[in-house]
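Enquirer: Model the full assembly from the supplied sequences, consistent with the hints where possible.
Residue numbers for the sequence shown follow numbering that gives the first Met the number 0, so the first one is 0 and each next one is one higher.
Careful, some of the hints might be misleading.
Claimed, not checked - Distance windows between CB atoms, simulated:
(1) F23 <-> S60: 48 to 56 angstroms
(2) L108 <-> L74: 36 to 44 angstroms
(3) W118 <-> D20: 20 to 28 angstroms
(4) I44 <-> E116: 32 to 40 angstroms
(5) T58 <-> L110: 46 to 54 angstroms
(6) A52 <-> F23: 36 to 44 angstroms
(7) A77 <-> R119: 14 to 22 angstroms
(8) F70 <-> L2: 19 to 27 angstroms
(9) A52 <-> R85: 21 to 29 angstroms
(10) V71 <-> P122: 25 to 33 angstroms
(11) H5 <-> P122: 18 to 26 angstroms
(12) Q88 <-> Q15: 28 to 36 angstroms
(13) F10 <-> Q120: 13 to 21 angstroms
Honestly, the hints are just simulated from the structure, not real lab data.
Even for Gly, the Cβ is constructed at its ideal location relative to N, Cα and C.
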Amino acid sequence: MPLSEHEQRLFEQIEQSLAEDPKFASAVRASDPRFHARRRLLVAISVIIAGLALVVYGTVSKTPLLGVAGFVVMLGAAAFAMLSQRRAQSPDLHVVGGTTSRRSRGRRLSLVDRLEERWRQRPEGHR
0 MPLSEHEQRL
10 FEQIEQSLAE
20 DPKFASAVRA
30 SDPRFHARRR
40 LLVAISVIIA
50 GLALVVYGTV
60 SKTPLLGVAG
70 FVVMLGAAAF
80 AMLSQRRAQS
90 PDLHVVGGTT
100 SRRSRGRRLS
110 LVDRLEERWR
120 QRPEGHR
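Expert: In structure tokens, the structure reads:
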């Protein structure tokens with residue numbers, strides 16, 4: 000269902016005021032779970048590279064204990080990266096203003112679908 004002209008104007012005003020507020024934008028970005036998941040993934044990748052460097056250095060310097068330690072670091076970082084990736088794709092991530100909820104496990108609702116569902120479920124006196 001399309002928005003009325005008045006609702007469209009109000010929506011544009013709200014959107015413009017939110018876009019002009021840098022504090023709000025940074026607060027939303029800082030509380031966005033995808034931002035944190037992406038950061039954890041980048042940290043894991045850098046630790047994997049450091050572990051690989053330890054493996055190579057342990058091999059070159061003929062220190063097997065250092066090579067094994069590098070491999071363990073790589074393995075742990077890879078597990079952390081996979082866990083972060085799963086967490087980033089989880090449907091139950093907390094977002095600003097509450098939690099997301101899925102009505103059915105089979106299909107993922109888009110933003111427009113959720114807004115339409117809220118519109119239909121609003122109290123009868125607000126029409």
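Enquirer: Each hint: holds or not?
Expert: Structure-based check of all given hints:
Between F23 and S60 the beta carbons are some 52 angstroms apart, a value that agrees with the proposed interval 48 to 56 angstroms. For the pair L108 and L74, the supplied restraint of 36 to 44 angstroms holds, since their beta-carbon distance comes to about 37 angstroms. Between W118 and D20 the C-beta distance comes to about 26 angstroms, which sits within the given range of 20 to 28 angstroms. Under the hint 32 to 40 angstroms, the C-beta atoms of I44 and E116, about 38 angstroms apart, fit the expected range.
Between T58 and L110 the CB atoms are about 51 angstroms apart, so this pair conforms to the stated range of 46 to 54 angstroms. At about 41 angstroms, the beta-carbon gap between A52 and F23 stays in the expected band of 36 to 44 angstroms. The hint said 14 to 22 angstroms for the Cβ distance between A77 and R119, and at roughly 45 angstroms that hint is violated. Range check, F70 to L2: about 57 angstroms between beta-carbon atoms, so the 19 to 27 angstroms window is missed.
Remark: the range hint 21 to 29 angstroms for A52 to R85 is upheld by a beta-carbon distance near 27 angstroms. Checked against the hint of 25 to 33 angstroms, the pair V71 and P122 fails, with Cβ atoms roughly 58 angstroms apart. At about 19 angstroms, the beta-carbon gap between H5 and P122 stays in the expected band of 18 to 26 angstroms. Restraint check, Q88 to Q15: a C-beta distance of roughly 32 angstroms satisfies the suggested window 28 to 36 angstroms.
Separated by about 19 angstroms at the C-beta atoms, F10 and Q120 satisfy the suggested range of 13 to 21 angstroms.
Taken one by one, the earlier hints fail for this structure at numbers 7, 8 and 10, listed in ascending order.
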